[in-house]
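Q: Sequence:
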Amino acid sequence: MLCSLMDGHARTSTEMAVIGDVSASTASAHLARLKEDGLVKLHTQGRHRYYSLADADVARAIEALMVISQKPETRFVPNTPGRLQIARTCYDHMAGSLAVKLHDCFLESGWLTMSAPDDGNYQLTVSGEKAMADLGLDVETVRAQRRRFACSCLDWSMRRPHLAGALGAAFLHIATSRKWVIQDLDSRALALTPNGKKEFSVRFGVSTENNAP
54 MLCSLMDGHA RTSTEMAVIG DVSASTASAH LARLKEDGLV KLHTQGRHRY
104 YSLADADVAR AIEALMVISQ KPETRFVPNT PGRLQIARTC YDHMAGSLAV
154 KLHDCFLESG WLTMSAPDDG NYQLTVSGEK AMADLGLDVE TVRAQRRRFA
204 CSCLDWSMRR PHLAGALGAA FLHIATSRKW VIQDLDSRAL ALTPNGKKEF
254 SVRFGVSTEN NAP
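Residue numbers (this note's numbering): 54 to 266.
To be clear, the hints were calculated from the coordinates, so they are not data collected in a lab.
Be aware that a few hints might be false.
[To be verified] The calculated lysine-lysine pairs, modelled on DSS-like cross-linking and capped at a C-alpha distance of 27 Å, are:
| no. | residue 1 | residue 2 |
| --- | --- | --- |
| 1 | Lys250 | Lys183 |
| 2 | Lys183 | Lys251 |
| 3 | Lys232 | Lys251 |
| 4 | Lys232 | Lys183 |
| 5 | Lys250 | Lys232 |
This one's a predicted model, so the numbers in the text were calculated from it and none came from an experiment.
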C-alpha cells in the first residue's frame, strides 16, 4: 500500500484495500498503524478521508527498501517494465533511467557538488545556480523550503542515485509544466513527449532511450 502512494497522490482506504488485495477493515487497520508510526498522513475533506505519504523522507526510505528487497545479482540487469524504468515519479521527484542520467549530468557538468563526503547531500555551484535559473527555477525560493535542499535517492530500478529533495521536486515541476514529461493518470509512469526528448538531449546531452546509464 505504501508503494502505491509513491506517485504523490492521496488515496482512500477503500482504494488502498483494492490495491493491497485485502478487506476494507484490514486496510483501515494497516493505515491506522502506518499513521500512528508517522509513515502516512490523513487528509479529511468533508466526508472523504484520504491518505498520503507523510513526507519525502518516507518516500526515500521506501525507494531504498525496494532496492534491498530485490535478489542481488552478479551483474545488475533492470527488469522493471519499460515505461516505469525510463521515467516515473518517486513521490515528488523524478526516478528511472532518465533521472539517473540527469543526476550524473548535473554532477559531471559541475552544477552540483557533495556537501560533505558520503552524506548524500548536494549544493548548487555558481554555474549550477545559473543553469537552474535559466530553466526558470527560483533557487532561493527552493532553498528556503523547510526540507533537504538537494540529496541523492537510490533508484530501485537502476540501483544508482537520482536527485531528490526540494531541488529534485522543483526540477520535476519544471519538466511537467513545460510538458517534457506527462504524468500517467493511473500509475507512477512519466510519459516522455517529443519535445521532452529534444529538450533533455539538447539542454543536458541526455539520451532518453531505455538503457542503463
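Q: Looking at the structure, which of the earlier hints fail to hold?
A: The structure breaks none of the hints.
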